[in-house]
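K.L.:
Residue numbers (the working numbering), protein chains in the order written: chain A, 124 to 384; chain B, 11 to 135.
Some hints could be false.
Some chain B residues near chain A, calculated using beta-carbon distances under 8 Å [stated by the list, open to error]:
1) Met66
2) Leu69
3) Gln71
4) Arg78
5) Gly80
6) Glu94
In case anyone wonders, no lab produced these hints; they're calculated from the structure.
A virtual CB, placed ideally from N, CA and C, is assigned to each residue, including glycine.
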Amino acid sequence: MDESRRNFLKIAGCSALGAAWGIPVVRAIGKALQAEPAPGAFEGKRWGLAIDVQKCMHPDVVRACQQVCHSIHNVPQIDNPEEEIKWIWSEKFDNAFPDKVHEFTTDSLKGQPVMVLCNHCERPSCVRVCPTQATWKREDGVVMMDMHRCIGCRYCIVACPFGARSFNWSDPRPHIKPEIDPEYPTRSRGVVEKCNLCAERLAKGLGPACVDAANQVAGGEAMYFGDLGDPHSEIVRVLRVRHSLQRRPHLGTQPNVFYLV
Amino acid sequence: MYDAGKIILGIVVFLVLITFPFWFTPALGNPDYRPEPELPAGKCVESREYMVHWHMDLLDQWRDSVVRDGNRMYVSGEYGDRYEMSLTRTCMSCHTSKEKFCDRCHDYTGVDPYCWDCHVEPKGQ
């Protein structure tokens with residue numbers, strides 16, 4: 124008994140020494156990669172969007188936003204509603220804001236389409252449930268997806284109260300129309316996807332594509348993109364002046380997409 | 011020993027089968043075959059030896075750096091110049107054909123990376 128305990132302690136000691144020696148080596152190898160942000164990349168503390176509900180009600184605006192978003196991100200167009208994939212789309216006001224409608228809500232809102240997308244919440248429920256950290260909140264506020272890590276468990280789909288996430292039930296490539304944009308990866312069967320707030324464009328110093336498209340079609344002031352963490356940003360100034368709504372604020376996810384009404 | 015002949019025969023057949031990967035190529039295949047990926051002119055982001063041995067680790071580090079940390083520029087340890095960390099835009103802008111570059115060695119070694127399930131391979135080469 125004593126003998127085996129003695130041996131156990133010896134082995135444990137040697138292992139601890141080995142690990143202590145190994146950690147700096149592993150760290151040094153990990154440090155070998157020298158990486159830096161791309162020049163001209165946007166830096167922000169808390170990216171957010173403000174959407175003018177009235178201006179973005181028009182089907183042309185929604186179509187333009189959806190068209191540009193879905194084409195640059197290779198989002199497949201699947202007509203079957205059980206398998207459809209969407210990053211940005213329109214939802215009836217009553218469904219987007221179920222706690223904001225009552226018997227006498229004005230007809231200019233009730234039953235009207237509202238443009239919706241991932242809210243990039245401050246406290247995202249999808250991130251809390253993801254078992255592999257395939258979805259996480261970046262320091263600049265973007266709720267990102269790492270498709271390399273997603274195992275397709277779909278917990279996040281259940282957790283998201285806004286229906287912002289879609290699951291790839293089949294290989295999406297045959298459904299990408301009119302053609303695959305080689306600049307952006309497609310997805311594979313069995314992963315969840317959603318709006319990434321155009322993270323690949325932010326890295327180049329460009330705002331989200333939907334904002335540009337909406338403002339172009341609606342003639343400006345339809346969508347605002349900016350840093351909610353910067354009190355002098357345009358989006359914060361607009362939100363301070365105009366009345367705005369968040370979707371389902373009582374759920375406590377603190378959406379960073381605001382709706383100007 | 012009963013049935014010694016059958017047992018010994020069985021052992022011989024078993025050994026022949028289990029050592030198949032070791033004797034097949036020297037005996038019946040082409041032991042001198044080496045895959046020859048088509049190399050473009052000019053230098054890669056790191057030295058040739060480094061890329062041959064470590065390209066998979068480099069790509070993994072690029073992936074994590076871009077996706078997780080948002081750092082998209084790579085500083086070459088060998089040459090000190092900067093590259094965008096992108097499989098399709100950087101690697102495949104020189105190595106323009108997956109069949110003539112990636113697949114040559116990967117097929118030979120029986121490696122099947124899943125890069126191209128999502129990333130779009132350059133076409134028309």
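K.L.:
The structure should be examined with respect to each hint, and the outcome stated for every one.
P.N.:
Hints, verified against the model:
1. Interface restraint check: Met66(B) against chain A, minimum CB-CB distance 13 Å, threshold 8 Å, status violated.
2. Evaluation of the Leu69(B) hint against chain A yields a violated restraint, the C-beta minimum of about 11 Å exceeding 8 Å.
3. A hinted interface residue such as Gln71(B) counts as satisfied when its beta carbon comes closer than 8 Å to some beta carbon of chain A; here the least separation is about 5 Å, so the hint holds.
4. A hinted interface residue such as Arg78(B) counts as satisfied when its beta carbon comes closer than 8 Å to some beta carbon of chain A; here the least separation is about 7 Å, so the hint holds.
5. Interface restraint check for Gly80(B): the shortest CB-CB distance to chain A comes to about 6 Å, inside 8 Å, so the restraint holds.
6. Satisfaction of the interface hint for Glu94(B) is found here, the shortest Cβ-Cβ separation to chain A being roughly 7 Å, below the 8 Å cut-off.
Checked against the numbered hints listed earlier, the structure breaks hints 1 and 2; every other hint is satisfied.
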